[in-house]
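Undergrad: Using the hints provided, position chain G relative to the given structure of chain L.
2 protein chains.
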Amino acid sequence: MTTAPDVAAVDWGTRRFRLWLMSRNGTVLGECESEEGLETGRREGFQAILDRHLSRLEAPRELPALICGMAGSRQGWKEAGYLRTPAELENLWGHATTISGLARNVTILPGVSQASGEGADVMRGEETRLFGASMEGQGAHSYCLPGLHSKWVRMAGSRIQSFRTFMTGEMIEVLSRQTILHHSLEGAAEVQAGDPAFTTGVRDGWLDAGRITHSIFSVRASHLLEDRTPDENRARLTGLLIGAEIAGAEPGTNGVALVASGSIARLYQSALETCGIEVRLIDADIAVQRGLLEVWRSLAKVRRG
Amino acid sequence: MTTAPDVAAVDWGTRRFRLWLMSRNGTVLGECESEEGLETGRREGFQAILDRHLSRLEAPRELPALICGMAGSRQGWKEAGYLRTPAELENLWGHATTISGLARNVTILPGVSQASGEGADVMRGEETRLFGASMEGQGAHSYCLPGLHSKWVRMAGSRIQSFRTFMTGEMIEVLSRQTILHHSLEGAAEVQAGDPAFTTGVRDGWLDAGRITHSIFSVRASHLLEDRTPDENRARLTGLLIGAEIAGAEPGTNGVALVASGSIARLYQSALETCGIEVRLIDADIAVQRGLLEVWRSLAKVRRG
Chain L
365 MTTAPDVAAV DWGTRRFRLW LMSRNGTVLG ECESEEGLET GRREGFQAIL
415 DRHLSRLEAP RELPALICGM AGSRQGWKEA GYLRTPAELE NLWGHATTIS
465 GLARNVTILP GVSQASGEGA DVMRGEETRL FGASMEGQGA HSYCLPGLHS
515 KWVRMAGSRI QSFRTFMTGE MIEVLSRQTI LHHSLEGAAE VQAGDPAFTT
565 GVRDGWLDAG RITHSIFSVR ASHLLEDRTP DENRARLTGL LIGAEIAGAE
615 PGTNGVALVA SGSIARLYQS ALETCGIEVR LIDADIAVQR GLLEVWRSLA
665 KVRRG
Chain G
365 MTTAPDVAAV DWGTRRFRLW LMSRNGTVLG ECESEEGLET GRREGFQAIL
415 DRHLSRLEAP RELPALICGM AGSRQGWKEA GYLRTPAELE NLWGHATTIS
465 GLARNVTILP GVSQASGEGA DVMRGEETRL FGASMEGQGA HSYCLPGLHS
515 KWVRMAGSRI QSFRTFMTGE MIEVLSRQTI LHHSLEGAAE VQAGDPAFTT
565 GVRDGWLDAG RITHSIFSVR ASHLLEDRTP DENRARLTGL LIGAEIAGAE
615 PGTNGVALVA SGSIARLYQS ALETCGIEVR LIDADIAVQR GLLEVWRSLA
665 KVRRG
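Line by line, the protein sequences give chains L and G.
Basically this note's numbering = 1-based index in the first sequence + 364.
Basically this note's numbering = 1-based index in the second sequence + 364.
The shape of chain L in the complex, shown without the other chains (with noise of 0.2 Å):
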């Protein structure tokens, strides 16, 4: 590396591993991503995984790191706390932990909880990456993060007003392969947005939220009363569910600020004007780094004093 590195930013999730070295005006340095999610680290010690793609990377021992995500969550390298809803995400810094006893600087985000009166609910890396996306933002928003649990959140500025989780993307795995569904979708390909099995499985979702542990049934019966494809059956399913989300979700009529990338960007895109809400697209990994950063360049200047 011609510069040198000011910090390891990582956002280490349920599933996945991805990692940026930045220097401190912002620009990428270098980076990995890998399957190590929450469970790898458990499995194999988050330090390990940590320390090995670093110094694939050749990254400086003393390099300090900034991790946001899974790794602060209960089942974590530590727990990391939470910011309570209404949370000023421009204070995450100020509830950060720190892992003790290492040659570099280990610090851990908190995340964000809403009490039990609003809808008990918890977000860990999701707040990263809105902080990073609200420096987009113009005043008041409705986020839709989309994932293995998608989040919907309600922000003024830089401040979590309140949100909402919803389980799609982990349901959908388990519903294609754990249950009596998996016969109907053995050998499925991607689901694309264009895909019109998705867009009437959005709006069949859209429609009937109310029914949804109903209409993901009607996926087998169709297979088997219209023999219909395991490529169409898959692209039913996740429409139905990614449009019963959206209609519990109430988005407004506002717009929607869609914080992803890649095929998770397209298929939310395609389903929210589906369900005519005008989507405004924020890059997931732009925003991650951006919120990284910024909480680092806070947390620097404390340490300088």
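Since the hints were made in silico from the structure, they are not lab data.
There may be inaccurate statements among the hints.
Note that identical chains are pooled: a pair holds if it fits in a single copy or bridges any two copies.
[Stated by the list, open to error] Keeping only pairs whose Cα atoms sit at most 25 Å apart, straight-line, the calculated SDA-like set for lysine to any residue is:
1) K442 <-> R468
2) K665 <-> I463
3) K442 <-> G521
4) K442 <-> I544
5) K442 <-> D591
TA: Quick look at chain G alone, frame taken from chain L:
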């Protein structure tokens, strides 16, 4: 056996195998039950399982067997087709299929299907239980058959007008074991109908069925934020999904005939009462015995000519 049986009546489901040796007047002369459902049948052979149980019960080699349920599915012993709704269950016998080349006469009953215009759906096994239950019936009625794939059925006498499947039982299973919720449910005891966590779950699922994929995540959030016990979490998850099922089934105000046995009967009875719905309980085991026997009588009459 002092009295010789006339038929082996079999209910062969996704997860369970049940067999009763019956006399023509309805007396049960022997019975067995095992976990050898559809997948075991596919792996070990349906005939081998049936023969083993019958020989253990010392049944004659030529005793005819009449089977309903998933043994007649595309993944089963031999696909047995469907009656289409509206389906007169007194005609079940006329659509049965036989397995040829065996020492004993083995007959498999068809399922019931509903065309996509009325909401594509299928059942296998429940139609025979319903036929038996309808003999206790009084004209038009709404029936609930809870299970892995709960069925809600509108009947007129012994005719199925329409029905809807809800994947409640299978969803409770996969969500409990295969998702992030497993951290909150590990080691939980069986859910009790009187548990307040179950009752409030039913109420919340019933009042807010359109947001069920959100509510189920709140089980994890409440566990993390309020230190709920695994027992409470499992009871709440079960209640949420049963409550959402009842809401989506729209049972109306004339009460529901609940065709169930054992602990699932107690849970659904309690849930339906929580939603203010009057319940008439019909024992599912007796109903399927009656249904199978009645079909066998019709078949025997035809075969005697």
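Undergrad: Under the constraints set out in the numbered hints, which ones does this structure not fulfil?
TA: The structure conflicts with hint 3 only, although it agrees with all the remaining ones.
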